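Trainee: Chains as they are written, first to last, in the numbering used here: chain A, 97 to 328; chain B, 577 to 893; chain C, 26 to 677.
FYI, nobody ran anything at the bench for these hints, they're computed from the structure.
One or more of the hints may lead you astray.
Stated by the list, open to error - Below, in silico cross-link-like pairs of lysine to aspartate or glutamate (DMTMM-like), each with a Cα-Cα straight-line distance of 25 Å or less:
id, chain 1, residue 1, chain 2, residue 2
1, C, Lys258, C, Asp55
2, A, Lys121, B, Glu862
3, A, Lys243, B, Glu767
4, C, Lys422, B, Asp755
5, A, Lys125, B, Asp684
6, B, Lys750, A, Glu124
For clarity, every value in this text was computed on a predicted model and none was experimentally measured.
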Amino acid sequence: MRETNKEWLPGFDKKFAALTHQMVKDLEKCLQCGKCTGQCPAAKLSSYNPREIIRDIRMGNVEKVISSHELWLCFFCSGCYAVCPRDINFPFAVSMLRYAALAQGYGWEEVKKIKDPYAQDYYETGLSVNINERNLGIKREIAKNSKTDGSIETVRKKMGLPAKRRVSERAVSEIKFIADATGMTDLFKEINKKKGKPKKWNYGSPADLVKIKRGANQKFIDVEEEDKEKVS
Amino acid sequence: MPRQEILEKTKISDRLFLFQPCVGSNKYPGLITSSIEFFRKLGIELVTSDDQTCCGGFLTFTNVAQPTSTMPAVARNIAVAEEMNLDILTLCNGCHTFLTEFSHFMNDRPPVKNVVNTILSMIGREYKGSQDIYHSLEIIYKVKDRIKENVTRPLTGMKFATHYGCHYLNGFKKTALDDAHMPTILEEIIEAMGGEIAEYAENRTCCGTGLTQIIINKEELSLPHTKMKLDNLNHAEPDAAVVVCPYCLAQIDRMQQKLNYRGAGQYEVPVIHLVQLIALALGVDEVKLGLDAHAISFARFLKKFSSLQSKKEVEHG
Amino acid sequence: MAKVGVFVCHCGVNIAAKVDVKKVVDTLKDLPEVGFAREYKFMCSSPGQELIRKAIKEDNINRVVVAACSPRMHLPTFQKSLASEGLNPYLVTMANIREQCSWVTDDPDEATRKAIDLIARQIKRVAHQDPLEDIDVPMTKTALVIGGGIAGIQAALDIADGNRKVILVEKSPSIGGRMAQLDETFPTLDCSQCILTPKMVEAAQHPNIEIRVNSEVEKVDGYVGNFEVTVGKKATYVDAVKCIGCGICQDKCPVKTVPDEFNAGLTIQAAIAIPFPQAVPAIPVINPDYCRKIKENKCGVCAKICPADAVIFDDEKKEEILKVGAIVVATGYKEMDPAIYTEYGGGKYPDVITGMQFERLVSSTGPTGGKLMRPSDGQEPKTVVFVQCVGSRDESKAHAYCSGICCMYTAKHTMLYKHHVPDGQAYVSYIDVRAPGKTYEEFVRRAIEEEGVRYIRGRVAKIRRLQNGQYRIYTEDTLVGRAVHIDADMVVMASAVEPQSDAKRLARILGIAYDADGFYTEAHPKLKPIETASAGVFLAGACQGPKDIPTSVQQGSAAGAKVLALFAKDTLVKSPQIASVDPTACTGCLTCAYVCHYSAIEEKEFGRRKVAEVISGKCQGCGACVATCKGKAISLAGFSDDEIYEEIVSCK
């Protein structure tokens, strides 16, 4: 699918910073050398391509990036950052772009998958990993190895530890307070409400994946002005 | 080669705050007990607190919470350690990344720090930024010689494949203790305890957890990736794989079971965290190592290890 | 009685857009010293200068003030205009109403007032200016060329052919530099030694050139036309006159563990060795850190079997002081050590080598006699990946600049590889291909189209050694947007071009500047690429910046031409604006000598006491001594106290 410069935002490089609340400002430095994609674990298994994402952002092709499924394929290994000759912190850019995507209504289905159970466990117990082993295969292996019923509580007791790690009531209530006061709880409710079918990625070229509506990028032009008001 | 300036900046106190990792406590409890036990043998006491919760930072990078929410949560955890005037020791690449990144962010921007402290003041806490946060590799490497002196069950004759994980060496590409591409500190620590290193080409490849990959795509990317790494690791025929992060531990350990279950091969390399390995070499009671919680059994490893130990006893009369 | 002509330049719109030049002229023409005043659009142009000449001829002015840009731009031009009409050239001064007025003032009225003020001061000042005569300084018409690479050799040959004497100083045991280490050169694929050796021999046999190998410049005193250079020759333990270059000593020496620098560290050589077969001069040198006789007083086999009795174990370092009139710096470059690139193995993988090492492996005088093989196991590599930009274009780890020659020499390497291993496959990993010279682009296309080399646009992310001895290269083919990995037998890294490790030390000795990357700084990047800010010191070759052989040869000839131009005059003409001491007023405290940066003040006897005296050749007219002297015994010609006071007093 041939792109046209009518879809690309003019002078977008600087305006892009507003999209991520001025946090990401180093994408102009990219040489497009390809070292990032060369070692990326997700790139070799899918159509995820960090270099192309930077290319699209720089050309003002924002809608394509934030509505894509590729944005959610990053492993966050920071291997790209480790090899980048311009020290561009790309994993951070991905994280910020995901927030921008959520703000535009994309990606809620992905985030929903993480919220339950991890975020929920965090809110209720202060720990984001539950002691209950849901994977029966793993539980069976542990049972075999430890000659117990395979639950971590039993293994802990066998080691001389209390069955559950203790998190004080004060701590849990503090977590709840922070979550409520800073909007985390509301965001969880928001995530719960969203409906949508998760996207399926394929091996095709990213250009084929999303059909961009004419003028779709236009709405980002005013982002900078809006954001200036918020920041000041 | 370790960076000398970073090594020099590392301070060893005789009491440190152990930041308990979630995956550690609830899946691999051996990490906590091993650390406490072996550090005690070295004269360092690790202190824990029930007020410490999940670091919270992980929620930011999975986008289920905004940084405006998670920053106070992270600051709260650091404040717990600050109240005890203790430097923090982390056992997990993830915890370390979030605690360090968020604290640097707040330290560099006083207005943000003030806002965070306003929220914390409502719960009677304050974040000062007064304490240092150390990754277990940094502290352990600095006391490497002390560890060597205290080895009672040398690892001689056992081969280990190392896995540093991503977030510590890659994420801190210029300020971590060692170089991101050819690090040697973990190898040096293992060799100081008598162990041998099994080299394999993919040693600096990500474990595959991908923070969210195992959840978002139901392992469609994560599984083939970890399989590729395991296949390469097995060429070197190690007795065990050594990791420094509980997420890596969970991934490499449990993925083998999943692959076996799907008939993708016969994977049986036991995976051990560095603190468990050091505890083993320093003679901590094997029960405390918590190796029973691992999906891949340590039976063969421990059998070979103890037979080598008794051989040494026979040799030395 | 001074009659000043005032010329106010518009400088197009640079001055006139802010400063009301008509008003300036009208105001100033009424001053008592002013005999003539007018404005003009471009004073530096031919018509502009003609105005000055006309005014001198017809209006009898005997002093000139040109109000225009900075004197650094065109003062010499106006001085020539005065001289052409027989007026002393030092009787013109300039008022800077551009950089110091119109360009930095917003309000036009303020700018006009300031311009009037600035020019009025210069009028008062120049009215008190006395005529000055240029000083003739005698010159030594011998040149020193530091560095015996192709640039240095070319400079030496051109100066020598111009009938002047040259001393060529080279640190290593032979001249030839980097070019001697190459196998073939781009874009002609000429055998490097075959085209270089004739020049080396010509230099060695030229009656006007003296070569000093194993020598380094240690100290430089003096000034242009009159340098005194201390050159230290290290102890080589071999008599250069007696030695016949047979090489028996090298064969019989029992110590064979010395790292061979000529072969880029790939092999070892004996403790007594000729650097390479075509060395000029072909005289061996003993390495005192490895020689058993020198360290432990054992062995001494070379001395025993030498048919010319040329080995002298009690050799010592010698110093000599050379008197030269000009210095050409042609010290060249070195290849970066890729140890910092840990993602490529950090130098620990034996078959991941640098460009120069590859050059030595395919060279018939190299460690394998020209047979291309993997250093690890001697096998012929069937798949080779050439990695570009290792250390260049990477400000995170190494250098931000582009090394300029690697795209071309990599294309050359792929062709050499295919000539050695016709059934092999070569890959080149690149970001851009830079092939700007004559027939360079065609050369690269030849590699791609005729030799079947596969160019992949994408920088290599990492290289890992596999269990079977091959290497896995991870990169992205960015032209199609897919991550790829290549399993290869050998990897050749185009390592960055860097200045020599002692470049900064030499710069300090010579008193020349270098930039942030360590390359020597020229006087002006566009228009004066050969001169440095220090008069009499010229640059040639890669020490000034990465460049290929044709450009280095061009710069060598350019430096030669500059030297010959300098020597073409009988004496050196020096500006008369220098300091001088009135011995009757001088108390001999010599504080002025203490503050002089150029060591230009000495003690002299004056009757029964001692006073200070300025060495006119060395003085640069900076004025530090004048400001320091409490007794006002020292003054600066062209900047007398009267002039300066007039200028200050007339300031509004």
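Trainee: Which hint numbers does the structure go against, in order from smallest to largest?
Mentor: 1, 2, 3
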